[in-house]
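Turn these sequences into a full structure, and let the hints steer you where they fit.
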Amino acid sequence: MLRRTLLGAISALALLSASGIASAQENYNIALISKGFQHQFWQAVKAGADKAAADLGVTVTFEGPESETQVDRQMDMLAAALSRNPDAIGFAALDSQAATPLLQQAKDAGIPIIAFDSGVDSDIPLTTATTDNVAAAALAADKMAELIGGEGKVAVVAHDQTSRTGIDRVDGFVNRMKEAYPKIEVVSVQYGGGDQLQSTEITKSILLANPDLKGIFGANEGSAIGVANGKTELGSKIVVIGFDSGAAQKGMITSGVMNGAITQNPVGIGYETVAAAVKALKGETLPPIIDTGFYYYDAATMADPAIAAVLYD
Amino acid sequence: MTDTTAPAAKSGVRISGAFHRLLAFSGLIALVVVFSIASPNFMQTQNVLAILQATSVNGVLAIAATLVIITGGIDLSVGTLMTFCAVITGVVLTNLGMPLPLGILASILAGTFCGLISGTIIAKLKVPPFIATLGMMLILKGLSLVISGTKPIYFNDTPGFNQIALGSAVGSIFPSLPVPNGVLILFLVAAIAAFVLSRTALGRYTFALGSNEEAVRLSGVNVDRWKIAVYATAGGICGVAGLLIASRLNSAQPALGQGYELDAIAAVVIGGTSLSGGRGTVVGTLIGALIISVLANGLRILSVAQEWQTVVTGSIIILAVYADILRRRTL
Numbered sequence: 001m002l003r004r005t006l007l008g009a010i011s012a013l014a015l016l017s018a019s020g021i022a023s024a025q026e027n028y029n030i031a032l033i034s035k036g037f038q039h040q041f042w043q044a045v046k047a048g049a050d051k052a053a054a055d056l057g058v059t060v061t062f063e064g065p066e067s068e069t070q071v072d073r074q075m076d077m078l079a080a081a082l083s084r085n086p087d088a089i090g091f092a093a094l095d096s097q098a099a100t101p102l103l104q105q106a107k108d109a110g111i112p113i114i115a116f117d118s119g120v121d122s123d124i125p126l127t128t129a130t131t132d133n134v135a136a137a138a139l140a141a142d143k144m145a146e147l148i149g150g151e152g153k154v155a156v157v158a159h160d161q162t163s164r165t166g167i168d169r170v171d172g173f174v175n176r177m178k179e180a181y182p183k184i185e186v187v188s189v190q191y192g193g194g195d196q197l198q199s200t201e202i203t204k205s206i207l208l209a210n211p212d213l214k215g216i217f218g219a220n221e222g223s224a225i226g227v228a229n230g231k232t233e234l235g236s237k238i239v240v241i242g243f244d245s246g247a248a249q250k251g252m253i254t255s256g257v258m259n260g261a262i263t264q265n266p267v268g269i270g271y272e273t274v275a276a277a278v279k280a281l282k283g284e285t286l287p288p289i290i291d292t293g294f295y296y297y298d299a300a301t302m303a304d305p306a307i308a309a310v311l312y313d
Numbered sequence: 001m002t003d004t005t006a007p008a009a010k011s012g013v014r015i016s017g018a019f020h021r022l023l024a025f026s027g028l029i030a031l032v033v034v035f036s037i038a039s040p041n042f043m044q045t046q047n048v049l050a051i052l053q054a055t056s057v058n059g060v061l062a063i064a065a066t067l068v069i070i071t072g073g074i075d076l077s078v079g080t081l082m083t084f085c086a087v088i089t090g091v092v093l094t095n096l097g098m099p100l101p102l103g104i105l106a107s108i109l110a111g112t113f114c115g116l117i118s119g120t121i122i123a124k125l126k127v128p129p130f131i132a133t134l135g136m137m138l139i140l141k142g143l144s145l146v147i148s149g150t151k152p153i154y155f156n157d158t159p160g161f162n163q164i165a166l167g168s169a170v171g172s173i174f175p176s177l178p179v180p181n182g183v184l185i186l187f188l189v190a191a192i193a194a195f196v197l198s199r200t201a202l203g204r205y206t207f208a209l210g211s212n213e214e215a216v217r218l219s220g221v222n223v224d225r226w227k228i229a230v231y232a233t234a235g236g237i238c239g240v241a242g243l244l245i246a247s248r249l250n251s252a253q254p255a256l257g258q259g260y261e262l263d264a265i266a267a268v269v270i271g272g273t274s275l276s277g278g279r280g281t282v283v284g285t286l287i288g289a290l291i292i293s294v295l296a297n298g299l300r301i302l303s304v305a306q307e308w309q310t311v312v313t314g315s316i317i318i319l320a321v322y323a324d325i326l327r328r329r330t331l
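Protein chains in written order, with the UniProt record's numbering: chain A, 1 to 313; chain H, 1 to 331.
There may be inaccurate statements among the hints.
Restricting the straight-line Cα-Cα distance to at most 25 Å, the calculated cross-link-like pairs of lysine to any residue (SDA-like) are [unchecked claim]:
| no. | chain 1 | residue 1 | chain 2 | residue 2 |
| --- | --- | --- | --- | --- |
| 1 | A | Lys153 | A | Lys107 |
| 2 | A | Lys51 | H | Pro178 |
| 3 | H | Lys151 | A | Ser118 |
| 4 | H | Lys151 | A | Ala135 |
| 5 | A | Lys107 | H | Val179 |
| 6 | A | Lys107 | H | Lys151 |
| 7 | A | Lys51 | A | Met302 |
| 8 | H | Lys151 | A | Gln161 |
| 9 | A | Lys143 | A | Asp212 |
| 10 | A | Lys183 | A | Arg164 |
| 11 | A | Lys107 | H | Met43 |
On the chain H side, residues computed to face chain A include the following (Cβ under 10 Å) [unchecked claim]:
| no. | residue |
| --- | --- |
| 12 | Gln253 |
| 13 | Gly278 |
| 14 | Gln309 |
Keep in mind that the hints were calculated from the coordinates and are not lab data. We put the CB at the ideal spot given by N, CA and C, even for glycine.
What follows is the structure, given as structure tokens:
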């Protein structure tokens, strides 16, 4: 009895809200599933998505797992988002293959998918809004070579060995050094999980093991801050090049502890993802890749309007 | 679920377990009702299946943790052991190209073996369970990265592998009810664990160790052997979880796993198992795991901001355990 009344109540509610949706047709609902949530980088992506939502008059939800290793949690979020019947989905895959069955389900339901930050091994996403991480890390290598005078030992502190960005940035930096700067030797590549404290300890051990080291590249925000902290704690004079921005890293560049950093355009990634979703819903065709760009910035260029626009606190 | 309403009133312990299950079960029902009313998308078949799918891995891990926690111990290594087993399966199936049944066997054996080692360290070397399994958690996390070469191992050469969790045996008989196999495996593991706990010598000693280990020892029982057996069984169950997660992701992800032990332990305590040992049920744990995933899914369906989802989940854990304490005080 109770169950029947309950079911009745639920279906009545379902009818009510269905008619509610029908009356406001142009308000597209776009669900973004990101790779992370509390990191400043992802918050900047979210800010970009929210800005696009306001500009284009759509509703955006934004979610991501707590750590960038939780592939299965991300699947749960994608499944829950699908159950909500959004008009479009933006998805930054933690694993390039694991989501294929769910993406297929979305495609079958006629929900367009826009990939952002990392691509997937599938032709289901209509486009990918992303940074070319290999080229961005190669630019870091060029700047490092310039700052240390084209010769000597350098090292890399990166976030992890399994994610696309971790792999691409280490490869981009190391390969560029090998190809273009034969007198520079990358003596160590270490991983600190993007954790500032762990990256600090790693940096100190690298510096103590290699007293003649000329520079270290920190491959994401947490790694870069750790490298700069390690340098300060040991009173070292090495060149430090970071990645991404955030208030702490910007402060370190202003104070000179860090020489400069590569910045992606996270706000642009978020904005372009939502904009691409809206275009897809309106039936427009999209390019296979939307390159959202990257820049090198240092204390001198930080205030340039073009740079300041893509930095985040 | 009918057994929660029929109290098996044989002892004080049993009554309290049954009452708690009833409490946790009412909590689960209340959540389902609230979310159903709040969103028409919640009670859709597809979403209910998504919730069950999301429960499968944590549910199996929580059952493993339940066995250990009933003995008064703790197992912090369940998450990374799951990952380790998944990686071993990847090596056996993808790197060595062995047939599927051997991969399944390898995962469960690897889990049992690691549990055996944890149990031995705890029982024979007298290292406290918290420390022994904390060490094991880190050892297994590292070994998973070493063995896999820090890269995910994909199961593309074993086409049937993703059917373990994603296929649907029920769906092939009743096409309108495509319950994923992963969910069936969760219920199967739960049924076996419940049987072991209530009907076998291993189950009786599991409770006895948690109630009064010294009394068991003085009555001439080989306490060490039973303790090791419990950890080994829990390890084998983590092997099943390893298969489930690897099948679902069609890959063994070596960096995954740390942090999963906390969700498993949360499910166990919400389900009424006492962290001080001697009291607990598998059904309770299953309900606890369902509460966690219903909560996560429902808040997502309602588009609650993610920062608040975490606050709500934390509050529910404290509330669930406090309700249990209150109820036992009034008994």
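Consistency of the hints with the structure:
{"no.": "1", "hint": "A:Lys153 x A:Lys107", "verdict": "violated, 50 Å"}
{"no.": "2", "hint": "A:Lys51 x H:Pro178", "verdict": "violated, 40 Å"}
{"no.": "3", "hint": "H:Lys151 x A:Ser118", "verdict": "holds, 16 Å"}
{"no.": "4", "hint": "H:Lys151 x A:Ala135", "verdict": "holds, 22 Å"}
{"no.": "5", "hint": "A:Lys107 x H:Val179", "verdict": "holds, 21 Å"}
{"no.": "6", "hint": "A:Lys107 x H:Lys151", "verdict": "violated, 29 Å"}
{"no.": "7", "hint": "A:Lys51 x A:Met302", "verdict": "holds, 23 Å"}
{"no.": "8", "hint": "H:Lys151 x A:Gln161", "verdict": "holds, 7 Å"}
{"no.": "9", "hint": "A:Lys143 x A:Asp212", "verdict": "holds, 19 Å"}
{"no.": "10", "hint": "A:Lys183 x A:Arg164", "verdict": "violated, 28 Å"}
{"no.": "11", "hint": "A:Lys107 x H:Met43", "verdict": "holds, 22 Å"}
{"no.": "12", "hint": "Gln253", "verdict": "holds, 5 Å"}
{"no.": "13", "hint": "Gly278", "verdict": "violated, 33 Å"}
{"no.": "14", "hint": "Gln309", "verdict": "holds, 9 Å"}
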